[in-house]
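Colleague: Its first residue numbered 112, the sequence shown is counted upward by one per residue in this note's numbering.
Just so you know, the hints here were simulated from the structure itself, not pulled from any lab data. Among the hints, erroneous ones may be present.
Stated by the list, open to error - In silico DSS-like cross-links for lysine-lysine, where the CA-CA straight-line distance does not exceed 30 Å:
#1 K433 x K330
#2 K384 x K175
#3 K232 x K330
#4 K384 x K330
#5 K330 x K175
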Amino acid sequence: MDQMRLDDFDFPLPRELIADHPCEPREAARLLHIPAMGDFADRHIADLPDLLRPGDLLVCNDTKVIPARLVGNRGAARVEITLHRDEGGGAWRAFARGARRLRVGDRLDFAADFAATVAAKHAEGDVTLRFALEGDAFRNTLARYGAMPLPPYIRRPQDGDTRDRSDYQTIFAREEGAVAAPTAGLHFTSALIAALAGRGIGLANLTLHVGPGTFLPVKIDDPRQHHMHAEWGLLSTETAARIAATRQSGGRIVAIGTTSLRLLESAADKAGKVRPFAGETQLFILPGYRFRAIDLLLTNFHLPRSTLFMLVAALAGLDRIKAAYAHAIAQRYRFFSYGDACLIERPGVR
112 MDQMRLDDFD
122 FPLPRELIAD
132 HPCEPREAAR
142 LLHIPAMGDF
152 ADRHIADLPD
162 LLRPGDLLVC
172 NDTKVIPARL
182 VGNRGAARVE
192 ITLHRDEGGG
202 AWRAFARGAR
212 RLRVGDRLDF
222 AADFAATVAA
232 KHAEGDVTLR
242 FALEGDAFRN
252 TLARYGAMPL
262 PPYIRRPQDG
272 DTRDRSDYQT
282 IFAREEGAVA
292 APTAGLHFTS
302 ALIAALAGRG
312 IGLANLTLHV
322 GPGTFLPVKI
332 DDPRQHHMHA
342 EWGLLSTETA
352 ARIAATRQSG
362 GRIVAIGTTS
372 LRLLESAADK
382 AGKVRPFAGE
392 TQLFILPGYR
402 FRAIDLLLTN
412 FHLPRSTLFM
422 LVAALAGLDR
432 IKAAYAHAIA
442 QRYRFFSYGD
452 ACLIERPGVR
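Taking the hints into account, I'd like the entire structure generated from these sequences.
Modeller: Next up, the structure:
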């Protein structure tokens, strides 16, 4: 796209289509198949083994969401924060509601035995907090008092919903560090994984610790000027070797979620070979991007005007993804983190 405006990525969505809870059982969630050419097909997650081929490889994100949302007090004032980066030594970067009212040196009390001091202030509501606890002592205390950092569009009572502790965690979750779930993975169960394996479809993992930047809106009229927050990722030598072997045998690489896709693309060289990776990525995928590492993407439906909707527009084509979303809305699909999903085939892939 020679010209690109934020409004290009907008679409109307009725509020009642935003899912507040996941589908049960998970495999019963709906799945919109978006082939590279031809008509869209209304399916279900349970149909995924039939939509893929023996020899394909699914790549999942095994990050684990931490209960990063804390509510406490600064004196008599209520304070709500979301931790997003462990800086070591008890220091954490966090987004704070009403951060402008905070001052360096302020004490924030989250419980009788859990408090932090504001050590520094940054842009856009970002602060550095210093806790007296660190390591296992901190993690155990956070597990006791923290809540899952659900996206703001999911409606919850002030004291939260205890089911989110399990609902907002994927079956793949192993490595602690995310403050948002890689939501395409929420659809998977042990039964679905067994069905995929029985069809000869492989599964590999990587780690990308999803940061709060996934919720930050694009505010600039030219999206190309948007600043992406960095997220830390790891793709092992073993996973890189499995991807190479899949390619060599004619199989396709299927990213489970945009987080897996972004790390796979970050780890791919110019020839498309995926190499081991450890570090941060700020990859921002917009229409015009040339995909090198993946052939298909399983992903949920994304917010209008968001970086993730821009990513799927880059993969499927802006007009085609808008048509797919219009179809999903007309057919009453459920949207966003706890909603239904789509399977997008990259144009040009056999």
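Colleague: Determine for every hint whether it applies to the structure shown.
Modeller: Hints, verified against the model:
no. : hint        : result
1   : K433 x K330 : holds, 21 Å
2   : K384 x K175 : holds, 27 Å
3   : K232 x K330 : holds, 21 Å
4   : K384 x K330 : violated, 34 Å
5   : K330 x K175 : holds, 29 Å
The structure fails to meet hint 4 from the earlier list, while all remaining hints are met.
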